[in-house]
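Each chain is listed here by its residues.
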Amino acid sequence: MSANGFTAGETGELPAGASTGTAATDAPLLEVSDLRVEFRQGNQVVRAVDGLNYTVPRARTVGLIGESGCGKTVSSRAIMALLPHTAHVTGSIRFEGQELVGLSERRMRAVRGSQIAMVFQDPARSLNPTVRIGPQITEAIHLHNDVPKGEAFDRAVELMELVRLPAARERFRQYPHQLSGGMRQRVMIAIALAAQPKLLIADEATTALDVTTQAQIMELLRDLQQRLGMALIMISHDLGLAATFADEVLVMYAGRGVERAPTQKLFEHVRMPYTRALLDAIPRLENPPHAPLAAVPGQPPDLAREQVGCPFSPRCPNVTDHCREHMPPFKEQEPGHLWACWHPCGLEGRR
Amino acid sequence: MSEPLLEVSNLVQEFTVRDRGGTKAGIVHAVSDVSLTLQQGETLGLVGETGSGKSTLARAILQAPPPKSGSVKLRGVELVGLKRRRLIEARRYVQMVFQDPFGSLNPKWRARQLVEEPLVAFKVGSRGERRRRADELLELVGLDPARYGNRRPRELSGGQAQRVAIARALALDPALIICDEPVSSLDVLIRAQVLNLLERLRTELGLAYLFIAHDLALVKQVSDRVAVMYLGKLVEIGPAESLYREPLHPYTVALLASIPSPEPTAERRPVSDTIRGELPSPLDPPSGCRFRTRCPRAQDVCAEVEPPLRQLADRHFAACHFPVSRDAPAPSGRETAQLAGGPHDPAQAN
Amino acid sequence: MAVPPTETAVPGAFDPAMVAPAPVVGGRLGRLRTIGGIWIPAFLVLAILFLCFLWPVIGPVPSPTGGSILNSNLPSFSPGHLFGTDSTGNDEWSRLLYGGRASLEVSLGVTAIGLLLGGLLGAYAGYVGGWREGVIMRVFDVLIAFPALVLAVAIAERLGPGLVHTIWALSFFSTPALARIARAATLRVREQNYIVAAGLSGTGRTRTLLRHIMPNILPELITFALLGIGIIIVLEGALSFLGLGIPPPAPSWGNMIASGQNILSAQPKFTMLPSAALFITVVSFNLLGESLRARWTAQ
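Residue numbers (this note's numbering), protein chains in the order written: chain P, 926 to 1276; chain W, 3 to 352; chain Y, 2 to 300.
Please keep in mind that the hints were generated in silico from the structure rather than gathered at the bench. Glycine included, every Cβ here is placed at the ideal spot set by N, Cα and C. Don't take each hint at face value.
Covered stretches of chain Y (chain W as the covering partner; in silico rule of three or more C-beta atoms under 8 Å from a C-beta of chain W) [to be verified]: (1) 103-111; (2) 148-159.
Part of the chain Y face toward chain W, derived, beta carbon under 8 Å [said to hold, decoys possible]: (3) Gln193; (4) Asn194; (5) Tyr195; (6) Val197.
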């Protein structure tokens, strides 16, 4: 079943359902090169993003995984140009070949929402509590399409059905507080999809939701992504979530990418000790009760300090003196698999 | 069998919701007739999502606020009905660690003060002895007292603040610590550190835990037994391994299916097969079985008769008319009288 | 439902991800705001306090009363009299300082009573709840219902003029106001988990109120009190103006403004000087209160 007006043919070149194979060889939809974001506060300079490189192919899901402070949220806000004035962005972000860094606000507004849309973590704060949800969706429609009111209403209801919001016509007139967290997030997704963007960024979109709701929303996102031929950047701290829903995973630490590979390859051959640590720290149902979790000591580094050597070295089980002095380069070391480490896991020969 | 450390019987907690004018608009049935026991040194995991009542249950056990009805016995002493000083005395051996470490530590106090507070309140030892004990406790949780003793909570990271909260909870040598989502607000790697700390303390000090979380995998890993709550009711309780291998209640099945697995090739059942729709309002819970509005196995009887919590396997209980088991497929026709009470054999459910 | 991870790289460090995409005033302009917002008013307040309380004691300031009529109505910048003398020969500069002292004694005294009595009672009411809260707050509600000046006049009339009586009269205004703030703040603080934790630790109610609740509502109370000092000074001025506050010949800014009114066209300085002093003082306290409030809510 395809919702009227939202078949993939209108949004991108790919027909709905084509999510493998040929997509990877097309020119990437989004190309992030050497992205750096600095915040200046008084004398302090905080390097929130310190040289990030990745691409997002069309109609694929890229999982951006890291803990708080790693720069994943800041980098996605940089893509949308939603950072405060204290942020200094350098590097390159190319969307369909167009450079976004340094773009004027007026031009950026044409991109935001209609080409790239974003769904945030806390729907309670992203939705206006004093406006009914219907008008919030139609507002998004009107922003990007010149349609008469009646048609906007129909499209809004279609969108609500697309995101599986039950009783769409009745809900149109409801206020956000009358909806549950999961339903509000669906409304957010509907708003994001109003202009049929080519790229959707979901920034911890399910973190604040219940486990069962989280699973439902993630399944919805995957389904939508396939049907609409949309690319999805999934930002999370949950590697398990990425494993289940992402085609490709990029792990970030201290403002940099540290490991990147197609999902299956990453989990079969984890190379970066940080990724290994993240994996080992996830409780598994298969573990017996009271099994200790492999824990890594220490804390993430202070981003205000200049990084000498690998930022993970204070906590890394594979660390040597070389690591502390020299920053490992982030490059392709096996086909399709990039990492930044002098002593990756599973490759003893290199020590 | 020795006397249980904690015995909760038929606990009920309700909140009155008032609208703007102050008139009563409804009653939230936060905890409805929950009973469970906890042995010395045992870890009981409590799982549930929003509105399940698990946090409310924890507070009700601690009498903060006291439950509407029911009984809570700690070491055989009834806590319900005790007031002020008597309650403080009787409740001494149960402590709590909260989800948000910064909310549970007075921002104006320093770490050492915070850890000492229970000792001061119970007038344990002299001032010097209390200070020494506080330093000992800080070391026990992995914080160097010289470096961290004088810090205020805002000078601590999330993991460090939670360690201070744990140190405080240990001050009076409790027998039971209620952990209400103790690691949910911490980063993944720090979570593992704090969980390992809790585990180490458990073995070193012989502590019992009531471990509350919404992450079933986490709960299962740290617990001996696990209880599952939904909309104020206890729907399943049993040994951790049994719950995982042979979940009985459909809601438990849904929870298990929702866990994102770091095994990309593992076969995954879509969550929508296991659970439907949205959480009903706790002001007006569904009649009969509260889960029936979302349950793929629900039948007519589920709306009429509330399923009691029954033993269906070794130490494994579930409240369901059509429990799940490997042998029994989902019921297709109408099942009525044969399931209204009496011992139930899962193999015959069809 | 789940609280997102709050781990920051360094405790208390600036977390860029948390900055909202609204213009933040950083750099030079921000520092200027801090200087203007906090340091200048703080300096002014201290200067005023110094001038009115310390300087008359240690410096060459003549008595504000008992001047010889032979010296009356000297113009400004006369030798020994910076601002001249009034109709009875009192040095105007001295009257300004001593008048300020009286006005400030009243306003600070009233604020102190308000903080102590109102703050404690309000916090107690918010903490214990129940009928006790009801009784306390209804009493205060009745007092708040009266317009401040009407209430003050009524009570001052009963008690008669004088410094101490004025302080009592105006306390009927500050105490209920601060009690309300204290109660509201307490209701918020009471729900925090560290209060529950204190109860679990065995801490009794008195200690919880004094050591847990009060320190956490104090910033709010103090900022409100600072903003109120201005109002109290003006009220004192009004009372004195009406003949109820500080009785002449003892100066207060209020009665100075009142007496200067009669000769406003001929000798405006007798009204203008205390008015200017009043204005500077009230604005300084207000600015200080405002910037402290902004700082403390941002934290």
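Outcome of the hint check:
{"no.": "1", "hint": "103-111", "verdict": "violated (count 0)"}
{"no.": "2", "hint": "148-159", "verdict": "violated (count 0)"}
{"no.": "3", "hint": "Gln193", "verdict": "holds (6 Å)"}
{"no.": "4", "hint": "Asn194", "verdict": "holds (4 Å)"}
{"no.": "5", "hint": "Tyr195", "verdict": "holds (5 Å)"}
{"no.": "6", "hint": "Val197", "verdict": "holds (6 Å)"}
Comparing the model with each earlier hint shows violations of hints 1 and 2; every other hint is respected.
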